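Colleague: Sequence:
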Amino acid sequence: MVLGYLLARAGLRVSVLERHADFFRDFRGDTIHPSTVGLLGELGLRERFLELPLTRLDALDAVVDRERFTLVDFRTLPPPDDFLVLAPQWDFLDFLAAEGAAFPGFDLRMSTRAEQLIVEGDRVRGVRAEGPDGALEVRAALTVAADGRSSDMRRAAGLVPVETGVPIDVLWFRLPKPADPPPPTLAYLSARGMVLTIDRGDYYQAGMVIAKGAFEELRGEGLGAFRRRIVAAAPHLEPVVGTLEDWDGVKLLSVQLDHLERWHRPGFVAIGDAAHAMSPMFGVGVNYAVQDAVALSRAVAAHLAEGRDPDQGLAALQARREPPVRRMQRLQRMGHRVVGRSPRGDRAAPRWVVVLLRALSPVLRRLAARLIGIGFRPEHVQEPRG
Numbered sequence: 001m002v003l004g005y006l007l008a009r010a011g012l013r014v015s016v017l018e019r020h021a022d023f024f025r026d027f028r029g030d031t032i033h034p035s036t037v038g039l040l041g042e043l044g045l046r047e048r049f050l051e052l053p054l055t056r057l058d059a060l061d062a063v064v065d066r067e068r069f070t071l072v073d074f075r076t077l078p079p080p081d082d083f084l085v086l087a088p089q090w091d092f093l094d095f096l097a098a099e100g101a102a103f104p105g106f107d108l109r110m111s112t113r114a115e116q117l118i119v120e121g122d123r124v125r126g127v128r129a130e131g132p133d134g135a136l137e138v139r140a141a142l143t144v145a146a147d148g149r150s151s152d153m154r155r156a157a158g159l160v161p162v163e164t165g166v167p168i169d170v171l172w173f174r175l176p177k178p179a180d181p182p183p184p185t186l187a188y189l190s191a192r193g194m195v196l197t198i199d200r201g202d203y204y205q206a207g208m209v210i211a212k213g214a215f216e217e218l219r220g221e222g223l224g225a226f227r228r229r230i231v232a233a234a235p236h237l238e239p240v241v242g243t244l245e246d247w248d249g250v251k252l253l254s255v256q257l258d259h260l261e262r263w264h265r266p267g268f269v270a271i272g273d274a275a276h277a278m279s280p281m282f283g284v285g286v287n288y289a290v291q292d293a294v295a296l297s298r299a300v301a302a303h304l305a306e307g308r309d310p311d312q313g314l315a316a317l318q319a320r321r322e323p324p325v326r327r328m329q330r331l332q333r334m335g336h337r338v339v340g341r342s343p344r345g346d347r348a349a350p351r352w353v354v355v356l357l358r359a360l361s362p363v364l365r366r367l368a369a370r371l372i373g374i375g376f377r378p379e380h381v382q383e384p385r386g
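Under full-length UniProt numbering, read the sequence shown as residues 1 to 386, first letter to last.
Hints are supplied without guarantee of correctness; some may be wrong.
[As the list claims (entries may be wrong)] Here are the simulated EDC-like cross-link-like pairs (lysine to aspartate or glutamate), alpha carbons at most 16 Å apart as the crow flies:
no., residue 1, residue 2
1, Lys251, Glu306
2, Lys177, Asp202
3, Lys251, Asp202
4, Lys177, Asp199
5, Lys177, Asp107
6, Lys212, Glu163
No wet-lab data here; the hints were simulated from the structure.
Just so we're clear, the structure is a prediction, and the values are computed from it rather than from any experiment.
Go ahead and model the full structure; you've got the sequences and the hints to work with.
Modeller: What follows is the structure in structure tokens.
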């Protein structure tokens, strides 16, 4: 959607195909990082976006063995984009779709599923799709797969991701907020597990990190045991955990980390999770997909406007975006090893780790704000000079 907006803003005709009738999908990434808020500012959209019903966070806290730590302090970033936004992804996409509609070249087709690539010779020329009125062809000088980690278009293009083993999965579920909630807290860690709480206003999008493939074993223990695991890590949820009445309310996210060795072929490119699936660690998936879109727009807009072959720009895109993506994925793997380790005794972390964390906290807060809030090689709408 971001790419469609940018290309239409540049005066190009662009079709965005969305297979569903709306954008409402629960348990999707909903963190809008400071660098993305900054990009919205460059586009003149920042203030309108911030008028939406959303949550601003100046910092991210975690509770480790009942002790609270501020792990990330976004207030250490340069203003005005010194905060993180929590906004349901459907609100963000609805906002971008409404803004894109102001451009005559922006064509959003809902309930339209891309079924096949149109390939002539070795070049992709568009897609065959199924829409509300039946089959159709959408021909284009460039076809972009932004359809996520299980991308059908990537598969049709013959691009196969290289998978990296991940030791964790996440179980997502919804819980109402208790009557007297604690300050916003990203994670609660105890010897019984790790619970995530994302503030959605009057409820939490909550999650439990589990060992890869352990969901069926958990189900076998029963829902009562699962509730007790939640409360052991996050005791303040005890008054509301009973609202989790059956396993239908618990959704498994099989965490993946992968990358394409080649993101493109003639007339085609994959971006975002279709090119490099990110794990939920640090919540950066949306941010890195947006960064890809901005870089791709800069790389191909002039070629497309002048009727030139965009393929040279596709190679430049991968050369620019792959290094920061892989660096973040390495950082995510380090995080997986930390949260995926089996605790010893009755503590989530050894005492010496907690003491070290307490001592280094001011430095870590600043570093984490930069790495998570801004990321590696942040993009801008205009190519930086110099």
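Colleague: The structure should be examined with respect to each hint, and the outcome stated for every one.
Modeller: Status of each hint after checking the structure:
| no. | hint | result |
| --- | --- | --- |
| 1 | Lys251 x Glu306 | violated (47 Å) |
| 2 | Lys177 x Asp202 | holds (6 Å) |
| 3 | Lys251 x Asp202 | violated (20 Å) |
| 4 | Lys177 x Asp199 | holds (9 Å) |
| 5 | Lys177 x Asp107 | violated (40 Å) |
| 6 | Lys212 x Glu163 | holds (14 Å) |
Hint compliance for this structure: hints 1, 3, 5 are broken, all remaining hints hold.
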